[in-house]
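6 protein chains.
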Amino acid sequence: MSDQQSIRQLKEGDAVLGFLLAQEAAYKISAKGSEYLELKLADASGDLKAFLWDVRAIEGDMEAIRADAFLWVKGSVTSYNGRLQLKLDKVRFAADAEVGDFSRFFPVSARPVPEMLEELDGLLASVKDPWIGRLLSDLFVADAELRAAFAQAPAAKSMHHVCLGGLLEHTLSVAGMAEHACGHYGNLNRDLVLAGVLLHDVGKTAELSYQRSFGYTDAGNLLGHIAMEAEWISRAAGRIPGFPEELRLQILHIVLSHHGRLEFGSPVLPKTPEALLVHYLDDLDGKLEVMFRAQRDETGGGAWSPFSRALERMIYRRRWSAVGDVEN
Amino acid sequence: MSDQQSIRQLKEGDAVLGFLLAQEAAYKISAKGSEYLELKLADASGDLKAFLWDVRAIEGDMEAIRADAFLWVKGSVTSYNGRLQLKLDKVRFAADAEVGDFSRFFPVSARPVPEMLEELDGLLASVKDPWIGRLLSDLFVADAELRAAFAQAPAAKSMHHVCLGGLLEHTLSVAGMAEHACGHYGNLNRDLVLAGVLLHDVGKTAELSYQRSFGYTDAGNLLGHIAMEAEWISRAAGRIPGFPEELRLQILHIVLSHHGRLEFGSPVLPKTPEALLVHYLDDLDGKLEVMFRAQRDETGGGAWSPFSRALERMIYRRRWSAVGDVEN
Amino acid sequence: MSDQQSIRQLKEGDAVLGFLLAQEAAYKISAKGSEYLELKLADASGDLKAFLWDVRAIEGDMEAIRADAFLWVKGSVTSYNGRLQLKLDKVRFAADAEVGDFSRFFPVSARPVPEMLEELDGLLASVKDPWIGRLLSDLFVADAELRAAFAQAPAAKSMHHVCLGGLLEHTLSVAGMAEHACGHYGNLNRDLVLAGVLLHDVGKTAELSYQRSFGYTDAGNLLGHIAMEAEWISRAAGRIPGFPEELRLQILHIVLSHHGRLEFGSPVLPKTPEALLVHYLDDLDGKLEVMFRAQRDETGGGAWSPFSRALERMIYRRRWSAVGDVEN
Amino acid sequence: MSDQQSIRQLKEGDAVLGFLLAQEAAYKISAKGSEYLELKLADASGDLKAFLWDVRAIEGDMEAIRADAFLWVKGSVTSYNGRLQLKLDKVRFAADAEVGDFSRFFPVSARPVPEMLEELDGLLASVKDPWIGRLLSDLFVADAELRAAFAQAPAAKSMHHVCLGGLLEHTLSVAGMAEHACGHYGNLNRDLVLAGVLLHDVGKTAELSYQRSFGYTDAGNLLGHIAMEAEWISRAAGRIPGFPEELRLQILHIVLSHHGRLEFGSPVLPKTPEALLVHYLDDLDGKLEVMFRAQRDETGGGAWSPFSRALERMIYRRRWSAVGDVEN
Amino acid sequence: MSDQQSIRQLKEGDAVLGFLLAQEAAYKISAKGSEYLELKLADASGDLKAFLWDVRAIEGDMEAIRADAFLWVKGSVTSYNGRLQLKLDKVRFAADAEVGDFSRFFPVSARPVPEMLEELDGLLASVKDPWIGRLLSDLFVADAELRAAFAQAPAAKSMHHVCLGGLLEHTLSVAGMAEHACGHYGNLNRDLVLAGVLLHDVGKTAELSYQRSFGYTDAGNLLGHIAMEAEWISRAAGRIPGFPEELRLQILHIVLSHHGRLEFGSPVLPKTPEALLVHYLDDLDGKLEVMFRAQRDETGGGAWSPFSRALERMIYRRRWSAVGDVEN
Amino acid sequence: MSDQQSIRQLKEGDAVLGFLLAQEAAYKISAKGSEYLELKLADASGDLKAFLWDVRAIEGDMEAIRADAFLWVKGSVTSYNGRLQLKLDKVRFAADAEVGDFSRFFPVSARPVPEMLEELDGLLASVKDPWIGRLLSDLFVADAELRAAFAQAPAAKSMHHVCLGGLLEHTLSVAGMAEHACGHYGNLNRDLVLAGVLLHDVGKTAELSYQRSFGYTDAGNLLGHIAMEAEWISRAAGRIPGFPEELRLQILHIVLSHHGRLEFGSPVLPKTPEALLVHYLDDLDGKLEVMFRAQRDETGGGAWSPFSRALERMIYRRRWSAVGDVEN
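Chains as they are written, first to last, in full-length UniProt numbering: chain A, 1 to 328; chain B, 1 to 328; chain C, 1 to 328; chain D, 1 to 328; chain E, 1 to 328; chain F, 1 to 328.
There may be inaccurate statements among the hints.
For chains that are exact copies, the list does not tell them apart, and a pair is met inside one copy or across any two.
Within a straight-line C-alpha distance of at most 27 Å, the following computed DSSO-like cross-link-like pairs (lysine-lysine) qualify [as the list claims (entries may be wrong)]:
(1) Lys128 to Lys90
(2) Lys90 to Lys74
(3) Lys40 to Lys90
(4) Lys49 to Lys128
(5) Lys87 to Lys74
(6) Lys128 to Lys74
None of these hints come from the bench; they were simulated from the model.
Using the sequences and the hints given, assemble the complete structure.
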């Protein structure tokens with residue numbers, strides 16, 4: 001079913017056959033008293049409301065039809081009040097295995113994951129400080145589960161880099177800028193900065209859920225990614241015999257303070273140059289990504305993007321490029 | 001030297017002989033080019049400037065004369081510009097051992113520490129939840145070092161309960177109110193609340209320094225007590241086989257959120273009734289202590305206390321007690 | 001008509017006959033130029049849109065059909081766009097007298113009013129300070145109208161304890177906690193605290209309207225409950241010969257400052273321990289009620305409540321109860 | 001003693017004989033163990049430290065020598081560390097009666113009080129609304145005590161119009177602008193505006209103490225002037241049979257909301273045009289007075305005033321006046 | 001077509017023939033795959049959705065049918081879901097010239113523009129300071145384009161005086177109050193105040209677009225009206241030989257600071273009495289206009305206006321006028 | 001007089017002969033009625049109080065002895081209350097010309113000005129966009145006065161880069177980081193960014209006074225550097241025939257928004273990626289400089305700097321450098 005149409009391309013009357021992700025699923029009672037199934041089905045290109053009016057047409061376990069499940073569906077595109085929807089004839093639960101490549105169902109980073117992992121490994125290899133090198137290696141190489149999650153998680157639920165691989169993409173971009181900054185400002189400890197950058201959002205792999213839809217985990221809501229990653233770092237450092245306490249404090253300080261202000265969820269303010277730098281470059285990278293995306297997106301047309309809730313302003317899309325020549 | 005005069009009692013001309021705590025110490029050069037020693041010497045009753053004009057009168061290592069050291073001094077009280085100061089004839093460093101009972105040098109809790117520890121143990125014994133009981137016991141009984149620090153630390157550097165034993169006094173007071181609240185509101189998990197109360201400030205044992213003067217440790221400034229105690233709790237829970245993850249999250253949540261608002265240093269808001277309760281009772285207890293102290297203190301006289309920086313207001317000291325009788 | 005179906009139980013096709021409360025009522029002109037009546041009808045279980053397409057079917061005075069009136073209606077349940085509504089055949093205004101027990105139409109406190117009034121009287125009887133006792137008695141016993149309103153009013157329009165009797169329920173709950181606090185902290189004047197608690201929201205009886213729907217009165221919007229109750233207290237005190245001015249100031253201070261911060265509508269900050277305590281216990285009680293309600297409510301399912309506008313966060317619903325046993 | 005020198009005119013060596021106001025007074029113990037009296041003595045032109053080294057030279061009751069008392073003193077001007085001070089030979093308490101005209105001791109309004117009272121009476125006479133006229137007359141004419149206080153009180157402890165008569169001066173200035181505004185904007189009820197203006201700060205007569213020094217009374221600190229005047233207005237309205245409730249609400253609303261924002265101590269926001277106007281004109285008048293004063297004052301010289309804490313900025317003193325002529 | 005019905009008067013079934021303003025215009029694809037035109041058509045009385053189902057019925061250039069264009073339309077009023085809409089039979093672009101008087105399409109100031117311009121000229125003629133007079137004359141008289149725009153622009157996109165001529169109406173109203181204030185407060189430079197008032201919002205002529213609908217221009221969004229008018233003033237002053245730098249600074253200061261606070265977009269705080277006055281009177285005038293409008297408007301009925309987003313509160317509509325007489 | 005001792009090196013009894021800068025100067029009257037001169041004299045290493053007790057010893061015009069003047073002085077170092085001061089025998093005004101190299105009197109940038117100007121010229125030469133190139137060249141090359149001021153001004157009065165040449169040093173540092181960022185993020189217009197960086201603080205050359213002491217000019221206080229440089233840019237662009245309006249808007253937007261938030265004095269928020277970048281890099285560079293300086297400075301000793309008012313926190317001075325090796 002590699003040639004399944006993407007949702008954005010569907011037109012009224014089209015037949016639909018294949019796998020879709022159920023973002024929402026609810027059994028409801030119609031005014032006439034009969035039970036029906038209402039779904040929101042999605043792939044990476046968009047989503048549609050879908051209805052199965054006769055629940056007896058469900059194959060297999062009805063309970064398996066729930067939010068965040070993949071479904072195999074058969075039906076056709078209809079129009080209601082000017083909006084397209086799916087009228088389903090058959091629905092059944094689909095195991096992950098038969099669905100194949102997940103990337104069809106989620107927004108993904110523009111950069112291929114293997115390429116990004118290679119860049120990550122290059123950064124790890126460049127670390128000269130033995131303690132920092134060991135700590136990062138324990139977390140990003142030896143811990144295969146964390147490495148896999150780090151390569152897959154988005155950077156946020158909304159705001160910026162909201163796509164699979166987004167966390168890694170954002171982290172590497174900040175790391176790139178940090179490399180430049182360490183060259184530019186002579187007084188920074190480059191390896192310490194790099195540790196701060198690579199670790200500053202690593203807790204998002206557990207704060208966010210992103211297997212099927214992007215949201216917060218219970219632990220994410222209760223603790224937040226900063227507290228999570230602080231714990232992971234301390235635990236990892238604790239397993240390295242002789243790990244210097246001073247270094248543990250400085251790395252934790254960068255991570256704890258990287259939101260820059262208490263009201264943004266950092267329990268302490270940045271008090272070292274390295275912590276200050278990581279905060280600024282992280283914040284800048286996220287906000288620039290929102291701006292670049294707003295400039296590429298053409299929703300609504302015109303020189304101004306729709307109001308961005310992430311930045312609380314509209315973005316000016318018109319880009320200046322030199323024209324003509326100065327008269328003399 | 002049990003009959004050494006307290007600093008508050010000294011008058012001009014008195015001889016001074018005995019141990020005092022150096023809160024500040026600096027070697028300076030006089031306008032005439034000779035080196036002298038300027039000190040701020042304290043006991044629990046107050047402090048005085050002190051000068052040793054001839055540094056050759058120092059016995060032993062000059063470098064040992066530094067802030068937060070105990071000193072043995074000999075000298076007399078003089079007056080300069082209407083203020084008393086000490087003119088020293090001899091000074092030497094004094095080891096802790098010879099100084100004896102530290103409580104002469106620091107403000108101490110009004111409640112005896114042994115009595116408070118007994119109350120703490122009673123609370124620990126009352127816990128019915130096996131996991132919570134084990135966790136608290138591991139931290140407050142089995143870890144003798146933490147137990148000792150918990151009995152000695154102040155609750156804050158300034159603000160409230162600024163005395164040795166103040167942390168324990170404050171914690172027990174909050175626990176007492178929490179017991180009442182759990183009886184009053186039926187829907188609270190009492191053992192969970194108790195865990196939150198006992199652990200909410202335990203990181204202050206490491207955030208604050210209080211052996212000689214009250215201040216912040218480096219780690220305290222870089223991480224804050226909330227991040228510290230969160231780590232300790234996770235580590236302790238990690239050492240208890242089978243410790244329920246759900247419980248770990250709920251306890252950590254109380255601790256992380258107990259400042260109540262992000263701008264006060266909590267990375268998450270209280271999202272459970274237990275967390276909300278601990279936040280309110282903690283805040284209330286600290287602020288009430290400030291008010292009671294302001295009412296007892298009679299500085300400046302009158303119905304109003306001096307401006308309290310902790311509460312950003314003056315406190316009304318006049319207490320209402322019923323007088324006379326209603327006419328009918 | 002005691003067996004009238006509650007609105008939540010209605011299904012398409014059901015006949016409806018009986019009394020309902022009009023929360024909204026408007027005469028409108030259809031696109032075809034004919035006049036019809038559009039209503040929002042409610043009982044304690046919920047509400048429904050209702051339409052009378054032929055206004056000639058109204059019995060009696062058309063003008064009496066307005067918001068906050070009880071109506072006698074006859075009609076049937078229909079469905080439009082998947083939502084139930086009422087198609088009415090007959091409507092007439094209904095006097096309060098024929099409607100009978102109002103509690104069928106409004107959310108009511110879980111605690112019976114007589115039981116709560118008894119608890120209130122017990123508190124009044126426990127006051128030892130003769131002036132405070134007389135003041136409270138004049139307001140809550142001698143003033144029958146205020147007593148009745150105090151027993152009926154909700155504690156708020158939204159936020160917390162939004163039900164008939166809610167103000168009394170909330171007040172008694174705060175009083176219960178205050179009793180514990182006065183026992184716990186030795187330095188509080190218990191009768192003064194009690195006066196503050198019982199009076200802190202009494203102005204809500206006039207700030208809110210709650211005979212038919214919950215809203216603000218004109219006076220409530222223009223003055224707020226704090227200014228209202230301050231006036232009532234001063235007037236009541238003024239009628240007691242010899243009432244001590246110092247006591248009047250201290251009670252008024254508690255009431256005026258009980259929102260705790262200027263930006264929350266208190267013109268002064270709490271400057272006595274009694275005022276501080278009343279503020280904290282009031283705030284805590286209201287917020288805990290919101291949390292308990294959010295935990296009981298199962299809207300949307302899952303571990304998290306919908307976003308609470310009162311608390312500006314989601315509430316975690318999962319409650320911890322001990323399981324298993326610690327391995328040794 | 002009408003020709004007593006003002007403090008600002010004193011030079012070293014001058015003899016001093018006459019009445020001065022003690023702003024501060026304290027008995028202290030010198031380093032040599034003898035008791036002496038330290039005073040801060042003031043008249044309207046300034047203040048000086050003063051010392052009586054031999055307390056046996058006090059005539060009459062030593063206890064009567066306290067802050068805010070008038071004293072009769074005899075001594076001479078000396079200089080210490082470049083500052084003038086008084087060395088006293090004799091001191092005794094002086095009753096108000098013998099002191100004569102108080103205005104020698106306090107800053108006073110630039111406008112004579114009788115002239116201002118006449119203007120006030122003219123405004124009262126211009127009121128057409130019978131209820132408003134009666135209310136204002138009851139408060140500002142019939143209540144002789146309030147009228148006297150209203151003519152004497154300052155408008156604030158610091159900030160603006162800090163002088164005897166300042167409250168009346170400020171009130172009349174706002175009233176003058178309000179008259180203009182009512183003429184300019186057609187939709188305002190002029191008598192209602194006038195009532196709001198005249199009453200908006202009347203509680204300051206009891207919030208502030210100003211017999212000897214400017215400060216807050218206990219009641220002022222506990223209730224604030226807004227709550228006080230609201231009570232007075234309600235009480236006065238309650239004594240006028242048939243006083244319209246709607247009018248009482250609208251006047252109280254202006255008074256309660258006149259600080260314009262909750263965080264500035266108003267429990268409600270201005271919700272009528274009259275309330276909005278009174279807020280703006282009150283605020284403007286106070287701030288302009290600060291600016292005009294800063295421009296007249298030449299402290300420090302230069303184009304900029306010292307930092308004004310009332311306005312949180314420096315004021316530009318240079319005033320533009322047209323020069324030269326435009327070339328054509 | 002002078003007798004064209006206004007949109008507010010249309011009823012179902014009415015024929016429509018004439019010019020309307022397209023506030024929105026979009027070509028869309030129906031579910032059946034055919035292209036149609038969806039419009040929002042407006043005149044000064046209101047707006048309606050309109051549909052042309054067969055785009056072949058468009059006369060002339062389809063591309064000319066766009067937002068902010070005038071259109072000639074022919075069609076009839078239909079009803080859909082209880083709302084009126086237009087079903088169009090023919091549509092074509094209409095040049096401004098054939099449309100005639102624009103005031104039929106936009107809300108306009110209640111005051112006639114010629115009358116307002118006359119008042120403006122009177123103010124200009126009254127200026128005594130030669131430099132200020134010349135500057136204002138260069139901008140408001142000599143610059144015909146600016147004068148025309150100043151007479152046509154609204155004062156804001158939303159908030160207050162949102163109508164053609166609104167900027168001039170608001171400016172003159174502030175100027176009127178400013179005249180009173182300069183008479184009332186003796187220390188103000190009247191001509192400087194007047195310059196500040198007339199210039200304080202003149203940049204809105206370029207910040208806002210108001211030829212067809214009210215919005216922000218690109219430059220308005222990028223620079224804001226304050227920066228724009230500051231530039232214009234500097235440029236105009238620069239063209240007057242010998243224009244005093246001190247005066248330029250003082251005028252610019254008023255303009256730059258007139259929003260009163262940094263967070264409202266003024267880069268500096270008002271530091272002169274003239275700047276403070278202009279800020280307060282400007283703010284007051286705008287807010288009063290919102291209140292008066294809310295009182296006149298009867299939307300929703302009752303004593304309270306709907307929630308005003310401009311003022312973040314509801315407005316009390318009931319106006320007090322004296323009734324009855326005081327009993328004696 | 002190239003071998004004049006610096007102020008920091010002076011000891012009691014030293015003779016002083018040479019030029020010093022008068023930061024403060026005042027003629028005062030001693031308690032004995034004679035006139036004396038009190039000065040604060042400074043060079044780059046520090047400052048001292050100085051007194052000339054006999055004003056007849058002044059050579060030349062007494063009026064020329066004023067703040068911010070260079071003085072030639074002769075006297076000796078004395079000690080008063082433990083502080084050194086100068087007792088002067090002779091004083092006269094000194095013209096700039098005879099003083100020679102100013103850098104002896106002010107803190108100066110660590111980078112030589114010629115080197116920095118060369119770097120600036122290199123950046124200018126690298127601009128490809130003809131309009132931007134011309135604009136920058138007109139301002140930084142053709143306008144010799146501005147170029148000279150740009151090379152001399154500090155970057156701030158306090159906060160960061162407070163030294164002669166500091167503005168240029170800061171600007172070049174931001175430019176360096178901006179070059180890296182433009183390489184890193186592909187979507188930025190490098191020449192536009194560079195223009196924004198070079199121009200973002202150029203108004204400080206006129207906002208600050210720095211010939212003698214660092215402060216604000218009148219224009220600086222009244223307008224702020226943002227409004228000043230916006231005007232200069234517009235004027236310069238206006239003189240280049242055909243300068244594109246779109247480019248002018250985009251450059252002005254960067255400059256106007258570069259403080260990032262309205263409450264920090266930017267009248268608009270950054271709405272383009274280029275504006276966002278300039279804001280972040282400017283802010284980061286200033287704050288890093290403060291941190292690096294705090295780490296280099298050893299005032300007070302210890303791991304923590306004194307409280308930095310610029311950053312509202314203490315800075316951690318201990319720098320991590322790898323030690324030892326990881327055990328395997």
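Results for each hint:
1. Lys128 to Lys90: For Lys128 and Lys90, the Cα distance exceeds 27 Å both inside one copy (59 Å) and across copies (52 Å).
2. Lys90 to Lys74: Answer is within; shortest intra-copy Cα gap is 5 Å, inter-copy 43 Å.
3. Lys40 to Lys90: within (15 Å within a copy, 39 Å between copies)
4. Lys49 to Lys128: Answer is neither: 54 Å inside a copy and 50 Å across each miss the 27 Å cutoff.
5. Lys87 to Lys74: Classified as within: same-chain Cα gap 9 Å, cross-chain 38 Å, threshold 27 Å.
6. Lys128 to Lys74: neither (57 Å within a copy, 55 Å between copies)
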